Amino acid sequence: MAVAEESDKIRIAQISNTKQINRIWLSSAYLSEIEERDDLEIDGELEAMKFDESGNQLWPAERG
7 MAVAEESDKI RIAQISNTKQ INRIWLSSAY LSEIEERDDL EIDGELEAMK FDESGNQLWP
67 AERG
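With positions in the sequence shown counted from 1, the corresponding number in this note's numbering is that position plus 6.
Please keep in mind that the hints were generated in silico from the structure rather than gathered at the bench.
Everything numeric in this text was worked out from a predicted model, so none of it was measured.
From the three backbone atoms N, C-alpha and C, an ideal C-beta is built for every residue, glycine too.
Incorrect hints may have been included.
[What the hints assert, rightly or not] No farther apart than 35 Å at their CA atoms in a straight line, the calculated lysine-lysine pairs in the DSBU-like style are these: (1) Lys15 - Lys56; (2) Lys56 - Lys25; (3) Lys25 - Lys15.
[As the list claims (entries may be wrong)] Quick list of simulated restraints, FRET-style, between CB atoms: (4) Asp49 - Lys25: 14 to 24 Å; (5) Asp58 - Ile16: 16 to 26 Å; (6) Asn23 - Ile48: 32 to 42 Å; (7) Ser60 - Glu39: 15 to 25 Å; (8) Lys25 - Glu47: 29 to 39 Å; (9) Asn62 - Glu42: 32 to 42 Å; (10) Ser60 - Ser38: 29 to 39 Å; (11) Ser38 - Glu59: 31 to 41 Å; (12) Thr24 - Met55: 12 to 22 Å.
Take the sequences, apply the hints, and build the full model.
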């Protein structure tokens, strides 16, 4: 499947609160750019996006 082969190029940013942007979740396509910056910190390991039984995406804070 073409989508799976290109998934490392998909750029997704998730921001839970745009008034207080102190943590955002980014797809792995951003990793090399983040590693080059001194003003950003990687906080955690890469993990797959998760969905509930209805197909709704779970935010990282909701994951258990």
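Which numbered hints does this structure break? As far as the earlier hints go, 6, 7, 8 are violated by this structure, in ascending order.
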